[in-house]
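Asks: Which chain is which? The protein sequence lines are A and B, in order.
Each residue of the first sequence is one higher than the one before, starting from 0 at the first, in numbering that gives the first Met the number 0.
Each residue of the second sequence is one higher than the one before, starting from 0 at the first, in numbering that gives the first Met the number 0.
FYI, nobody ran anything at the bench for these hints, they're computed from the structure.
Do not take every clue at face value.
Which copy is meant is left open, because identical chains are indistinguishable; a pair holds if it fits in one copy or across any two.
[As the list claims (entries may be wrong)] Derived pair list, reagent style DSS-like, types lysine-lysine, alpha-carbon separation capped at 30 Å:
1. Lys106 x Lys337
2. Lys337 x Lys258
3. Lys86 x Lys260
4. Lys62 x Lys148
5. Lys337 x Lys169
6. Lys86 x Lys337
7. Lys169 x Lys86
8. Lys337 x Lys62
9. Lys106 x Lys258
10. Lys148 x Lys337
11. Lys148 x Lys292
12. Lys258 x Lys169
13. Lys260 x Lys337
14. Lys86 x Lys258
15. Lys106 x Lys86
16. Lys106 x Lys169
As the structure is a prediction and not an experimental result, all values here were calculated from the model.
One letter stands for each residue in the lines below.
Number of protein chains: 2
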Amino acid sequence: MAVNFTVFEQFKAVDGIRLGVAQAHVRYANRDDMVVIELAEGSSVAGVFTTNAFCAAPVHISKAHLQQTAPRYLLINTGNANAGTGKAGFANATRSCELLAQATGVKAAEVLPFSTGVIGEPLNMPAFERGIPAALDNLSADNWARAAKGIMTTDTLPKGYSTQFDVNGKTVTITGISKGAGMIMPNMATMLGFIGTDAGIAPGLLQSWCKELADCSFNRITIDGDTSTNDSCMLMATGRSGVQINDVASPEAQLVFSKLKEAFQILAQAIVRDGEGATKFVTIEVGGAASQKEALDVAYTVAHSPLVKTAMFASDANWGRILAAVGRSGVQNFDLDKVQIYLDDVQIVEDGGRREAYTEADGAAVFARTEFRVRIELGRGNAREELWTCDFSHEYVTINANYRS
Amino acid sequence: MAVNFTVFEQFKAVDGIRLGVAQAHVRYANRDDMVVIELAEGSSVAGVFTTNAFCAAPVHISKAHLQQTAPRYLLINTGNANAGTGKAGFANATRSCELLAQATGVKAAEVLPFSTGVIGEPLNMPAFERGIPAALDNLSADNWARAAKGIMTTDTLPKGYSTQFDVNGKTVTITGISKGAGMIMPNMATMLGFIGTDAGIAPGLLQSWCKELADCSFNRITIDGDTSTNDSCMLMATGRSGVQINDVASPEAQLVFSKLKEAFQILAQAIVRDGEGATKFVTIEVGGAASQKEALDVAYTVAHSPLVKTAMFASDANWGRILAAVGRSGVQNFDLDKVQIYLDDVQIVEDGGRREAYTEADGAAVFARTEFRVRIELGRGNAREELWTCDFSHEYVTINANYRS
């Protein structure tokens with residue numbers, strides 16, 4: 000029951016990127032569970048990874064490999080996160096890179112590994128021996144749709160996006176896939192995002208863009224506040240379009256960045272739309288904050304409040320719960336009298352109290368929508384942030400309490 | 000379906016404390032919803048209040064009155080929290096103190112007001128005009144059990160505790176009531192605790208004890224992380240037993256403190272046992288932390304994780320979810336290899352990975368208990384903290400999504 004979610008079908012190939020997909024039987028039979036992404040020589044890759052202190056072996060290795068050389072392959076498996084697996088997990092992730100390197104004639108350090116799935120189980124290495132050659136066998140520039148399915152765990156729908164636009168008479172393509180924030184069997188949400196473009200982007204710029212883009216997309220979505228050990232978001236630029244971005248201030252750079260931002264946000268929001276048990280897609284906007292941190296603290300406190308989330312599920316515009324969440328967000332020297340809260344175009348809190356003209360019917364009408372915005376104005380400064388979340392339903396408890404059945 | 004909860008019935012009167020209870024019709028008819036606690040002259044009162052930045056009018060006024068003079072009356076209503084009510088809320092809370100003061104011949108500043116219930120609605124002042132004289136009419140030292148019911152909101156059971164013990168041949172009594180952490184109609188959990196003793200405790204010591212006692216009881220329980228605008232915990236000492244505590248290091252002081260601690264913890268834990276939809280009572284203990292803050296950060300992150308809480312509901316000893324919550328708790332420079340996790344006597348994580356001898360059956364056997372302890376050893380230092388929480392069930396969603404129906 001994803002919220003306003005249409006499966007994307009019009010994938011455009013990105014010149015310089017091919018994808019191979021295989022049934023490797025990492026954990027389950029009869030499903031695609033291994034994806035190889037091949038990058039043409041001369042491509043650049045940047046990444047943003049989980050901040051969880053216990054990040055998984057493949058995250059450590061991908062970070063290390065990214066420091067050493069330009070990657071040629073990304074190797075993604077579902078079914079097993081290779082997290083909490085100690086030294087054996089490192090050895091297995093390294094071995095998986097070696098297997099792909101041997102099969103393709105590159106160095107192991109030119110392979111980035113990504114895993115998502117069960118925590119604490121040894122990685123099934125025969126699956127890699129089986130899956131890697133099978134995936135290489137069907138490498139194709141037109142495999143994005145199948146790859147979007149191949150990286151799913153408990154996602155109910157595959158997530159993808161593609162766009163093409165003109166830069167000085169040349170066509171630039173951006174295509175990406177993501178997977179998400181269902182809690183995966185049997186452990187947790189892992190967010191993965193892989194976004195490719197045939198624009199050329201200088202490596203230093205690519206890394207700073209990737210961080211900036213993740214911070215307004217994958218780092219601004221939250222289902223339940225749990226951060227995975229394996230979250231990774233990768234931005235790949237092949238340069239094959241002939242468009243090269245070196246000067247961040249150029250109109251070309253600004254156009255490419257804005258298109259990348261659109262792609263990142265759509266792919267990230269798709270994860271929320273397909274959140275476990277989600278029935279509402281909600282934007283939380285906090286303005287008038289004294290700092291970015293303050294705006295985010297308030298936004299996340301509201302977005303994570305089980306009381307607010309169950310009220311959203313119930314279509315009950317419970318402004319007291321929102322106000323109380325704002326109040327416990329840790330902001331110092333709060334002046335309640337300056338707080339305004341809006342549900343879409345309906346102001347419910349004015350100067351810290353219920354707006355006199357507000358009626359429950361007005362608020363309930365907004366909360367009954369499948370998509371709406373909660374806007375909180377603090378009246379303390381100029382910082383503004385927004386993030387996306389979903390409600391908290393019976394289905395969420397069912398999924399997360401019953402996943403082993 | 001409170002967890003291992005027995006309604007306390009053996010209340011002992013506390014010399015110097017009388018309680019009056021009335022049906023004031025604050026919000027509902029046909030239920031006790033107003034309680035007056037009368038303290039004999041010479042009594043001392045200390046309090047700990049919510050840290051929510053948007054604390055309610057009665058909290059502001061109780062804090063201010065406590066600074067001015069020794070209280071003679073506490074006035075508690077349910078049905079309306081008088082929070083988010085602006086200047087009118089302050090005027091109404093002040094007026095309620097004046098009404099009780101006029102009826103009893105004390106000063107308004109000698110009255111402490113407490114409210115719990117709906118947020119953002121004007122206080123029903125005719126209810127106070129009706130309820131205060133009615134409550135004063137039945138003032139009695141033996142009214143604790145009725146008062147425990149009179150302060151309930153969506154609590155399913157009244158919460159109380161009483162104990163008597165000997166100090167140098169004199170009998171000291173401690174009796175208290177609390178109400179809790181159901182989300183109250185229609186807004187949030189408010190915790191209230193009122194604990195009285197006939198020991199005499201010097202006012203400065205009483206305040207430092209009250210803080211210390213709340214920090215190992217009411218401030219160590221969590222249902223869903225939401226902090227109310229109205230939480231208050233009050234400690235009242237009449238001195239009528241003839242036992243006077245002035246020297247904190249004396250054996251008498253240590254005995255009285257330990258008995259108070261027992262009372263505070265039982266009253267606080269009762270709130271968790273009766274938590275909305277709770278089916279498990281869980282102790283989260285974090286040891287080997289570098290600081291108290293670090294221990295609490297880890298413990299609260301685990302206790303608030305919806306993934307951990309739904310796993311508890313499902314009796315699924317999902318150590319990956321616990322480990323991931325530990326990892327995102329914000330502790331810097333974490334060494335995963337030093338982390339040990341125990342479920343009661345079963346070690347599930349050894350040196351950061353699944354313990355080899357651990358079996359899912361062992362873990363599931365612990366999680367199937369209605370009470371168990373999750374102990375997390377960080378191997379970083381000597382700080383240790385524990386707190387109490389409950390699981391996250393379908394019933395929680397039902398209660399919080401449907402409260403208006």
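Asks: A separate judgement is required for each hint: does it hold in the structure or not?
Replies: Hint check results:
1. Lys106 x Lys337: Close neither inside one copy (59 Å) nor across copies (33 Å); limit 30 Å.
2. Lys337 x Lys258: neither (37 Å within a copy, 45 Å between copies)
3. Lys86 x Lys260: Classified as neither: same-chain Cα gap 37 Å, cross-chain 45 Å, threshold 30 Å.
4. Lys62 x Lys148: within (25 Å within a copy, 59 Å between copies)
5. Lys337 x Lys169: Result: close neither inside a copy nor across copies, 50 Å intra and 55 Å inter.
6. Lys86 x Lys337: between (54 Å within a copy, 14 Å between copies)
7. Lys169 x Lys86: Neither way: lysine 169 and lysine 86 sit 48 Å apart in one copy and 63 Å across, limit 30 Å.
8. Lys337 x Lys62: Result: close only across copies, 23 Å inter versus 44 Å intra.
9. Lys106 x Lys258: This pair counts as neither: shortest intra-copy Cα distance 33 Å, inter-copy 68 Å.
10. Lys148 x Lys337: Neither: 47 Å inside a chain and 37 Å across chains, both beyond 30 Å.
11. Lys148 x Lys292: neither (36 Å within a copy, 43 Å between copies)
12. Lys258 x Lys169: within (15 Å within a copy, 80 Å between copies)
13. Lys260 x Lys337: For lysine 260 and lysine 337, the Cα distance exceeds 30 Å both inside one copy (33 Å) and across copies (40 Å).
14. Lys86 x Lys258: Answer is neither; intra-copy 41 Å and inter-copy 49 Å both fail.
15. Lys106 x Lys86: within (22 Å within a copy, 71 Å between copies)
16. Lys106 x Lys169: neither (33 Å within a copy, 83 Å between copies)
Comparing the model with each earlier hint shows violations of hints 1, 2, 3, 5, 7, 9, 10, 11, 13, 14 and 16; every other hint is respected.
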